[in-house]
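S.K.: Same order as they appear, the protein sequences are chains B and A. Using the numbering used here, you'd call the opening residue of the first sequence number 1 and step up by one each time. Using the numbering used here, you'd call the opening residue of the second sequence number 177 and step up by one each time.
Please note that the accuracy of each hint is not assured.
Said to hold, decoys possible - If you want the footprint, here are the derived chain A segments under chain B, 3+ residues with CB under 8 Å: (1) 390 to 400; (2) 456 to 468; (3) 481 to 490.
Stated by the list, open to error - Which chain A residues stay away from chain B? Per the calculated CB distances, all over 12 Å, these: (4) S198; (5) N206; (6) R577.
In case anyone wonders, no lab produced these hints; they're calculated from the structure. For every residue, glycine included, the Cβ atom is placed at its ideal position computed from N, Cα and C.
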Amino acid sequence: MFTPKRTTAIFLSLLLGACANAAEDSPRLGTPISEAQLQGWDLIVAPDGSGLPAGSGTAAQGQLVYEQKCASCHGMQGEGMPGVPALAGGSPIGTPPLMTVGSYWPHASTLFDYVRRAMPPLAPKSLTDTEVYQVTAYVLHLHNIVERDFVLDRNSLPTVQMPNGGNFIDRSQVQR
Amino acid sequence: MNDNNKSDVERMQLHEELKSDSVAGNGLINRRHLLGLGLAGAGSLVAGNVLAADAGLVIPAWSKTPGRELSGYGSPSHFANAISRIAPSPNSISPGTGASRTPLHLLQGTITPNSLHFERHHSGIPDIDPAQHRLVLHGMVRQPLSFSYEDLLAYPQISRAYFLECSGNSGANSAPTASDNSAGGIHGLLSCSEWTGVRLSTLLEEAGVTPGASWISCTGADAASLGRSVPLNKALNDVIIALYQNGEPIRPEQGYPMRLFVPGWEGNVSVKWLTQIKVTDAPANFRDETSRYTELLPDGRALQFTYPMGVKSLITSPSGQMTLQRRGLHEVTGLAWSGSGAIRRVEISADGGRTWADAHIEPNQQELTLTRFRLPWLWEGGEAILQSRATDTAGNVQPARAAWVANYSPANRYHYNGIQSWAVSAQGEVKNVYA
Numbered sequence: 001m002f003t004p005k006r007t008t009a010i011f012l013s014l015l016l017g018a019c020a021n022a023a024e025d026s027p028r029l030g031t032p033i034s035e036a037q038l039q040g041w042d043l044i045v046a047p048d049g050s051g052l053p054a055g056s057g058t059a060a061q062g063q064l065v066y067e068q069k070c071a072s073c074h075g076m077q078g079e080g081m082p083g084v085p086a087l088a089g090g091s092p093i094g095t096p097p098l099m100t101v102g103s104y105w106p107h108a109s110t111l112f113d114y115v116r117r118a119m120p121p122l123a124p125k126s127l128t129d130t131e132v133y134q135v136t137a138y139v140l141h142l143h144n145i146v147e148r149d150f151v152l153d154r155n156s157l158p159t160v161q162m163p164n165g166g167n168f169i170d171r172s173q174v175q176r
Numbered sequence: 177m178n179d180n181n182k183s184d185v186e187r188m189q190l191h192e193e194l195k196s197d198s199v200a201g202n203g204l205i206n207r208r209h210l211l212g213l214g215l216a217g218a219g220s221l222v223a224g225n226v227l228a229a230d231a232g233l234v235i236p237a238w239s240k241t242p243g244r245e246l247s248g249y250g251s252p253s254h255f256a257n258a259i260s261r262i263a264p265s266p267n268s269i270s271p272g273t274g275a276s277r278t279p280l281h282l283l284q285g286t287i288t289p290n291s292l293h294f295e296r297h298h299s300g301i302p303d304i305d306p307a308q309h310r311l312v313l314h315g316m317v318r319q320p321l322s323f324s325y326e327d328l329l330a331y332p333q334i335s336r337a338y339f340l341e342c343s344g345n346s347g348a349n350s351a352p353t354a355s356d357n358s359a360g361g362i363h364g365l366l367s368c369s370e371w372t373g374v375r376l377s378t379l380l381e382e383a384g385v386t387p388g389a390s391w392i393s394c395t396g397a398d399a400a401s402l403g404r405s406v407p408l409n410k411a412l413n414d415v416i417i418a419l420y421q422n423g424e425p426i427r428p429e430q431g432y433p434m435r436l437f438v439p440g441w442e443g444n445v446s447v448k449w450l451t452q453i454k455v456t457d458a459p460a461n462f463r464d465e466t467s468r469y470t471e472l473l474p475d476g477r478a479l480q481f482t483y484p485m486g487v488k489s490l491i492t493s494p495s496g497q498m499t500l501q502r503r504g505l506h507e508v509t510g511l512a513w514s515g516s517g518a519i520r521r522v523e524i525s526a527d528g529g530r531t532w533a534d535a536h537i538e539p540n541q542q543e544l545t546l547t548r549f550r551l552p553w554l555w556e557g558g559e560a561i562l563q564s565r566a567t568d569t570a571g572n573v574q575p576a577r578a579a580w581v582a583n584y585s586p587a588n589r590y591h592y593n594g595i596q597s598w599a600v601s602a603q604g605e606v607k608n609v610y611a
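Here chain A stands alone, though its shape is the one from the complex (with noise of 0.2 Å):
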């Protein structure tokens, strides 16, 4: 049925059926009942039309000549080459340390394609000949060992989707007023990606632990040799050496040719171009595990080796710096994610937190991976606030912004994880707002 044909009548009748089956304020929709009507029904809401009413369809010019050849490493279709990372004007000093974040808003699903993961670099990204690459697990071991990259390869690999999210992500929100900017802009230093590798354990096993080792410390082979430290008990339970990413060789960005990688702990702990494991009964205080990557209290006092991020969400859309451009039914989707377990629960909230509707996620989500959630939501031009609240399986409730700000001091940026508020206007427009 075409929308044209529809009478003011019937629309105004099936408008008022789906506000009938509203779950919250401002226009939360029941989206079971949408499936029941299906898209010419959902469809017939919107406004605006893209064919005048007796206009017919044409046979396109690429239905009439053969298309291009066939390529080696594909690239983006190039309507669709804008989408890139959100990168900083680079540091006057040193070029290649800085962050470069994930445009979550111009993205679906929850896989993050490799040209998209976000950057944090702390001197740059090395390019490593991996045939002279060596990893050497040394310390507390009955035997020190040290692997090439080919002798990796031969080990038994497992393959998980896991996030990555960077400690600092999200800081912006913890500032005293509220940026202006878009859902990536805000909270882009979160990735999802196929990890593929090999289990730690099976190494640290291969050299033989010692009584009294508690911790492994790690360095990467780039100019900061960035070092991190990581409990044992984690290192011997979910930690892999990184080989792969969604199915191909890890990209420079990522650590080539391997990386630790530490399921739902903090980014930075994930340390790339892993080059040294030192098994030891102490954490060595790294810079980037004291000076920085510690959670600054109100008292003063300051939280150290905060490993697994917390419970989170956000609205990819609509979000920040966007403008819905009509009236009418429109999916509110988003992500969430937590470092402690899998994503039991997330609502939506249109009217500033006062009402809340659960948004449609996946049956058994997996643990310290990315959660897709999706609720319709009806707008008819009015203001409205929107907010997703994550809940994990550990029992972890997403807090307000107000309750994460009054557990820190104000110069604490890190693990921020408050509720996301993005405010809509009548004309549509949508902003980060703190409410």
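Just chain B, with the same shape it has in the complex (with noise of 0.2 Å):
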């Protein structure tokens, strides 16, 4: 006959039973590999400024780098085009935020992490590190969030308070 509390004994047995085996299931069959080794590979860039690279840039060397490689559709000024985000405009509360850097985007760390992932879309991966803290730079001076000869580097960046940065709810653990 069963107790309730050596029902629990053997429920719990059998837990630790169940994660035992599917640990003993598994094969085993990385390989090991280094942090050094992601270096160049590992892309991310988070708000506090982890894997932001050497180098610096200002909006004043942004511009011409802007204007050879990403005008072209998002427009002198940040306007965008049908199809293309808009990269300046509009403001944050008050008015509805636009999509737009200076107008929602909460964290400067995006603005690089984007750019160096995945612009220009034909040739992503293309831009310097260096010149990706230029444009970066240059699309933040496009909002007046920096000046237009603030150096932007790994120290400097996570320091770059964003208009709308306080205006999101985090869902995260909510399950419903």
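Please dock the two separately framed chains into a single complex, following the hints provided.
M.R.: Okay, structure coming up:
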């Protein structure tokens, strides 16, 4: 005859047994790799600045890169065109934000991360890290978030305050 | 019994009998009653006839000559090959960027054929050689690891039928005016497959997650290197590295050779062409979880990391741009699903929500998959508004469109799950409306 306590003990041992089996079932075929081997491959840049590479750039330097590699789609002032998102324009809270960097994006790191991994669309990952810093600074400057000569680098970028940064509600732990 | 031999009197009697078994207004019928009548009885309400009363059947030509040879990879009958994804004209700058939709109104059951699974790509479909592809698991782990496709094929795998729905699905119905479109055209960023793959928890256990870790950041090997962050508790729960879809290797459009599959959550987090899983203590805040895939509220703030898809349903037949060809009995059928559990109940209305009847669903529905619902409907040539309303096992009830709209900024197109209304005209034409 099972007592509740004994039933619980049996249940727990079954559960642990199942977990142990899951681990035992694993052939464990992963090949060890070092973080050093991921240098230049791991492109993730987080709001705390982790993942930002060496190098730096200003909006003044970025204007030429932007005009050569971005403006044909996004427009000289970041105004966008049909099928291409606007980068500038709009303002946060008060009027509905536009989906532009200055009006909506909560983190400057996202701009660096996205430009480096995905832009320009026909030649992604073709910009040097320096060019990415420069273009990022220029797009931020289009919305007067940084001055024209502000030096964007791995130390300064995480300190850039985005106008709409405080207006996102984290729903990640809401399960329904 | 031939329909044509049935007298008008008998027809009227059956008609009255069906109407007396109404379960809700405007012609919704008790399905048990219909089953009791049998198909002959139900069919007798059909007005049109294929055969003239005195014509005999003839043996068709294909019964008198051998059929065609066998084939390697099969394809649909050429009589049925008009069923295809609904794709817009390509983006002029990046032709591989955009979405194509599953023609939900042309399909039955719950499983989507692989060739018709919806697509959403952010920079085209990469042509990945599985022999060169690597999945790297690193960050807050004791030992960073790299896995080849061959490696993963050797791991224990699990198979489950799950729906996948784009966060932007049905967004057209959040617009101020109702677009004239089909069920697939509006809601076709939804598909359902049996997904087979390796539990992510098995790989995370092998690498050894270190204390303090709470998120994973995942990226794909496409030109956009699309990235999404997933909380570690979900990653350890039911997330898999999917390798097979409906029994065959997943299609390039779905992430070949491997994709993350995050059951019940907005489709974009199930990162395709998966190549990187970085264990972290905070979300990466990728572009597609900040600038996009966030929901703007009426006050200008926005919801971020809204993951489970809301409880939802739609009638796939009769549905938008169809025309009822005859008066009489029709089966109202559709799909229901929820990112927060299984479907517990689906109700149908034929009078714009004034009265509701429970649709038939199979008992013991599984979680996070599509549920097919059905109910007989007697259409006598009058106007009707058909609606469906789903309830899940967590108690969530699908909202009316107006209630959904009130919760968001007019600019928001994500996570739309309002009730779909199809208006049926006296001529039998079915149209998307807001009701």
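S.K.: It remains to establish, for every hint, whether it holds in the given structure.
M.R.: Each hint tested on the structure:
Only residues whose beta carbon comes within less than 8 Å of a beta carbon in chain B count, and the stretch 390 to 400 of chain A has 4; three or more means the coverage holds. For the stretch 456 to 468 of chain A, the assignment as covered by chain B holds, since 10 residues bring a beta-carbon within under 8 Å of that chain's beta-carbons and 3 suffice. Residues of the stretch 481 to 490 of chain A with a Cβ under 8 Å from some Cβ of chain B number 4, which satisfies the need for three, so the listed coverage holds. For S198(A), the requirement that its beta carbon stay farther than 12 Å from each beta carbon of chain B is met, with the minimum near 35 Å.
The claim that N206(A) lies off the interface holds: its Cβ sits roughly 32 Å from the closest Cβ of chain B, which is beyond the 12 Å cut-off. With a minimum CB-CB distance of about 20 Å to chain B, R577(A) clears the 12 Å threshold, and the non-interface call stands.
No hint from the list above goes unmet by this structure.
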